[in-house]
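Asker: Full structure from sequences and hints, please.
Respectively, the protein sequence lines represent chains A and B. Start counting the first sequence at 1; every next residue gets the next number (our numbering). Start counting the second sequence at 238; every next residue gets the next number (our numbering).
Hints may contain errors.
[As the list claims (entries may be wrong)] In silico lysine-lysine, PhoX-like type, Cα no more than 20 Å apart, as pairs:
id, chain 1, residue 1, chain 2, residue 2
1, A, LYS79, B, LYS316
2, A, LYS87, A, LYS30
3, A, LYS87, B, LYS316
4, B, LYS400, A, LYS163
5, A, LYS79, A, LYS30
6, A, LYS87, B, LYS324
7, A, LYS52, B, LYS324
8, B, LYS416, B, LYS392
9, A, LYS87, B, LYS289
10, A, LYS155, A, LYS179
11, B, LYS316, B, LYS267
12, B, LYS267, B, LYS324
13, A, LYS79, B, LYS324
Since the hints were derived computationally from the structure, they do not count as laboratory data. Note that this is a predicted model, so its numbers are computed, not measured.
Protein chains: 2
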Amino acid sequence: MKNFDLIAFDADDTLWHNEILYHSVEDRFKELLSAYADQETIDRQLFEKEMKNLPLYGYGIKSFTLSLIETAIDLSAGKISGREIEKIVGFARGMLANEVQLLEDVREVVVSLSESYPLMVLTKGDLLDQEIKLERSGLEQHFHYFEVVSAKNRKTYQNLLEKYHIDPRRFLMIGNSLKSDVLPVVELGGYGVHIPYHITWAHETVEDHPELGNSRLFELECISLLPELVSRLDSEG
Amino acid sequence: MKNFDLIAFDADDTLWHNEILYHSVEDRFKELLSAYADQETIDRQLFEKEMKNLPLYGYGIKSFTLSLIETAIDLSAGKISGREIEKIVGFARGMLANEVQLLEDVREVVVSLSESYPLMVLTKGDLLDQEIKLERSGLEQHFHYFEVVSAKNRKTYQNLLEKYHIDPRRFLMIGNSLKSDVLPVVELGGYGVHIPYHITWAHETVEDHPELGNSRLFELECISLLPELVSRLDSEG
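Answerer: Rendered as structure tokens:
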């Protein structure tokens, strides 16, 4: 018997590479600003700026770009030139135009699970950017649903499951962020599968958490192990 | 009998003022760039930049801000300073932080219709920005549903109505843009109510269109006339 009515995947760094794009732009940004500040200062100020801007700008490449520009102006005390800022905007355009690189085994796993389950892409970030990435990924036809939310917390999961009339106990979410993809789902009574990515944005890290020993929370080393886990839960369910 | 299963409202310039904010920033932008180009050139180049960026950046204040910055760099041949670009970013922050100003009679109409119908806010633009505006509007509790889409065309309306299991013939959409809010809905077999706003973004204007004589398409001078129209359609339905 099927144990789930809906299986949802996070997108960035769960289905396709994302954080490495940001890191690569950050490296170029630090090089561009090297006359004004050392790398550590740039890293710190950029992260602080991003956190400060998050409630106003939200997630995604455009927000990141505005934070880069603001950080550049601050760190250079306004001396940064129009042409240098043009380079920063160019980084953003490069990110937005970038090819989507799927993580290993993602295609096979998604195709296989889509034969038995309705699948959803459930992601934070910028609506248009995520739509374009899903389209470029070539996986679009295997997902029944696509949802972009401005935050992933208990309340947003609850609203979403209500909208789709899904019992949280029959919902499975897979993602690379314990904090955003897994813990709030498990708290609601659902199942969460954590598949770590080799880089985690500092904003997404989590300290100790009571749900970490929960029997509906799983950690897999790679996505290729997911179909087997789902089958096992089906046979136990 | 009720004629509709869902009534959806566009947000910007249908529920609350929006275009005037953009106009006011454009005025300040033209003043800032007055040393580099005349007003007409700035207007034209900015619009061209926005149209060129739309497929990559999408709608909303952050996209607009990036287009402003790029236009400023182009028109000044890179001579624009960091401090001047800081001002442009400041315009954006001002827009994002702005109080929501409801259009006249909107509150009464929304409250009254929400007693008989499930209502939706259905808007383009930036997810977080629209969420914040709905929250600030004080109308949130009267809307059952909130959806942000990256484009409003026949396909996006069709997908949305399928997701909610709504027959297009029992769907009514209200908005200030014939092109985005009204015509695609009427084409699908639904009802569309056009309530013009005194400013329309050039991108949203429409030339002659075969649906303009359709009996499911209505034009109202102001939103206070909407409840009467809905009652009439109910009694005919």
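Asker: Does A/LYS179 sit within 20 Å of A/LYS155, going by the straight-line distance between their CA atoms?
Answerer: Roughly 14 Å between the alpha carbons, so the hint for A/LYS155 and A/LYS179 holds.
Asker: Do the alpha carbons of A/LYS87 and B/LYS316 lie within 20 Å of each other, as the hint requires?
Answerer: Holds, at about 14 Å.
Asker: Against the 20 Å threshold, does the CA-CA distance of A/LYS52 and B/LYS324 hold or violate the hint?
Answerer: Holds, at about 18 Å.
Asker: Is the hinted pair A/LYS79 and B/LYS324 satisfied, with a Cα-Cα distance of at most 20 Å?
Answerer: Given pair A/LYS79, B/LYS324 holds - Cα atoms ~14 Å apart, limit 20 Å.
Asker: Mind checking the alpha carbons of A/LYS79 and B/LYS316 for me, to see if they're no more than 20 Å apart?
Answerer: 12 Å, holds
Asker: Given the hint that B/LYS416 pairs with B/LYS392, test it: the Cα-Cα distance must not exceed 20 Å.
Answerer: At roughly 14 Å apart (the allowed maximum being 20 Å), B/LYS392 and B/LYS416 satisfy the hint.
Asker: Tell me if the straight-line CA distance from A/LYS87 to A/LYS30 falls inside 20 Å.
Answerer: Between A/LYS87 and A/LYS30 the Cα gap is close to 12 Å, so the pair holds against 20 Å.
Asker: Tell me if the straight-line CA distance from A/LYS87 to B/LYS289 falls inside 20 Å.
Answerer: 18 Å, holds
Asker: Within a Cα-Cα threshold of 20 Å, do B/LYS316 and B/LYS267 meet the stated pairing?
Answerer: 16 Å, holds
Asker: Does B/LYS324 lie within 20 Å of B/LYS267 when you go C-alpha to C-alpha?
Answerer: 12 Å, holds
Asker: Verify the proposed pairing of B/LYS400 with A/LYS163, using a straight-line Cα cut of 20 Å.
Answerer: Holds, at roughly 10 Å.
Asker: Mind checking the alpha carbons of A/LYS87 and B/LYS324 for me, to see if they're no more than 20 Å apart?
Answerer: 19 Å, holds
Hint check: no violations occur; every hint is consistent with the structure.
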